[in-house]
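These protein sequences, in sequence, are chains A and B. The letter at position 104 of the first sequence is residue 104 when you use my numbering, and the numbering goes up by one with no holes. The letter at position 86 of the second sequence is residue 86 when you use my numbering, and the numbering goes up by one with no holes.
Please note that a few of the clues may not be correct.
Treat identical chains as interchangeable: a pair holds within one or across any two.
Restricting the straight-line Cα-Cα distance to at most 25 Å, the calculated cross-link-like pairs of lysine-lysine (DSS-like) are [said to hold, decoys possible]: (1) 185 with 105; (2) 185 with 19; (3) 105 with 19; (4) 102 with 19.
No lab work stands behind these hints: they were computed from the structure.
Number of protein chains: 2
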Amino acid sequence: MKASVVESGEISKGASPRKGLIRGLSIVDFILRIVAATSTLGSALSMGTTRETLPFTTQFVKFRAVFKDLPTFVYFVTSNSIVCVYLVLSLALSFFHIVRNKAVKSRVLLVFLDSVMFGLLTTGASAAAAIVYIAHYGNSSANWFPFCRQYNNFCERISGSLIGSFIAVVIFIILILMSAISISKH
Amino acid sequence: MKASVVESGEISKGASPRKGLIRGLSIVDFILRIVAATSTLGSALSMGTTRETLPFTTQFVKFRAVFKDLPTFVYFVTSNSIVCVYLVLSLALSFFHIVRNKAVKSRVLLVFLDSVMFGLLTTGASAAAAIVYIAHYGNSSANWFPFCRQYNNFCERISGSLIGSFIAVVIFIILILMSAISISKH
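Start from the sequences, fold in the hints, and give me the full structure.
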């Protein structure tokens with residue numbers, strides 16, 4: 001990528017490698033956004049489609065688990081969906097940055113939006129993680145029973161769905177750092 | 001970079017208001033860090049010192065609640081403490097930015113560290129919030145009982161301690177935005 005920019009040549013000597021760096025960062029930014037969007041979509045779908053019905057039932061207890069039983073999981077699916085849509089939309093701006101190296105204000109805007117979405121995603125992921133922890137290990141002080149002992153598949157799926165979300169969280173930190181570097185090179 | 005070249009030529013007309021803006025942002029940055037450090041310290045102390053013993057007891061059930069009963073609250077206190085220490089240490093860098101307007105690399109470093117600490121704090125705060133929610137409302141599907149019905153004071157304190165943490169979360173978003181603006185003005 002650096003090479004292509006250098007070949008397009010243009011003017012001053014100092015500016016070209018810097019331009020190449022900025023364009024390179026923009027391209028990586030674009031790719032990482034696609035990865036993060038896929039991760040959050042995967043997380044939202046994985047959590048949203050999880051349900052387990054145990055093969056036995058009694059008169060008093062229902063043996064069926066869906067993510068809607070816990071408001072935190074609903075929030076998790078919502079936040080992942082919102083962030084996924086945002087990431088897809090932000091691809092337009094990211095592509096614009098690849099084409100127009102000089103744009104600075106839009107990069108600052110992107111840092112701001114990224115950090116808001118980063119916050120939203122992190123709240124969803126860690127709230128869900130806290131509940132998954134209780135689901136696995138329970139809490140004897142609060143007399144909360146670990147329902148994972150019964151709902152094995154359900155628990156595996158919801159634990160797995162956290163992974164995509166936390167991958168996206170890490171990507172957001174990288175995106176913010178890269179944006180800051182790009183802005184500093186102008 | 002462009003600006004620094006102009007600034008090294010001392011006076012020039014365009015640079016002065018920009019310098020003023022950057023310095024202004026640096027000062028606000030310094031103040032906000034103090035506020036955020038105080039908030040996280042307050043949250044950590046408030047959560048860490050909360051305990052309630054009910055004025056009656058039976059043979060089988062212990063009626064005493066401390067934050068250590070729930071690992072999520074221990075994580076909350078830990079993350080808030082780490083972020084508080086970080087914020088106090090970052091004051092040095094923030095002060096350096098007030099004195100030296102031109103510094104860019106250290107600002108990029110600060111954006112990176114800020115976003116990592118933002119992530120850490122948000123995980124702690126939202127995980128604790130998820131547990132506090134269960135403590136207040138319980139969950140009938142999982143048969144988790146809302147212990148706030150007994151431990152009123154304990155619950156009020158832990159709910160209140162979340163506030164400081166979320167104030168710091170919002171401040172972090174502002175800090176990252178302001179750093180991005182400062183960097184873009186160089």
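Against the structure, the hints:
In this assembly of identical chains, residue 185 and residue 105 lie within 25 Å of each other by CA distance both inside one copy and across copies; the values are 13 Å within and 10 Å between. Taking identical chains as interchangeable, the C-alpha atoms of residue 185 and residue 19 lie at most 25 Å apart whether they share a chain (8 Å) or sit on different chains (18 Å). For a Cα distance limit of 25 Å, the shortest separation of residue 105 from residue 19 qualifies both inside one copy, at 17 Å, and across copies, at 18 Å. When the C-alpha separation of residue 102 and residue 19 is checked against a cutoff of 25 Å, the pair qualifies both within a copy, at 9 Å, and between copies, at 21 Å.
Checked against the numbered hints listed earlier, the structure breaks none of them; every hint is satisfied.
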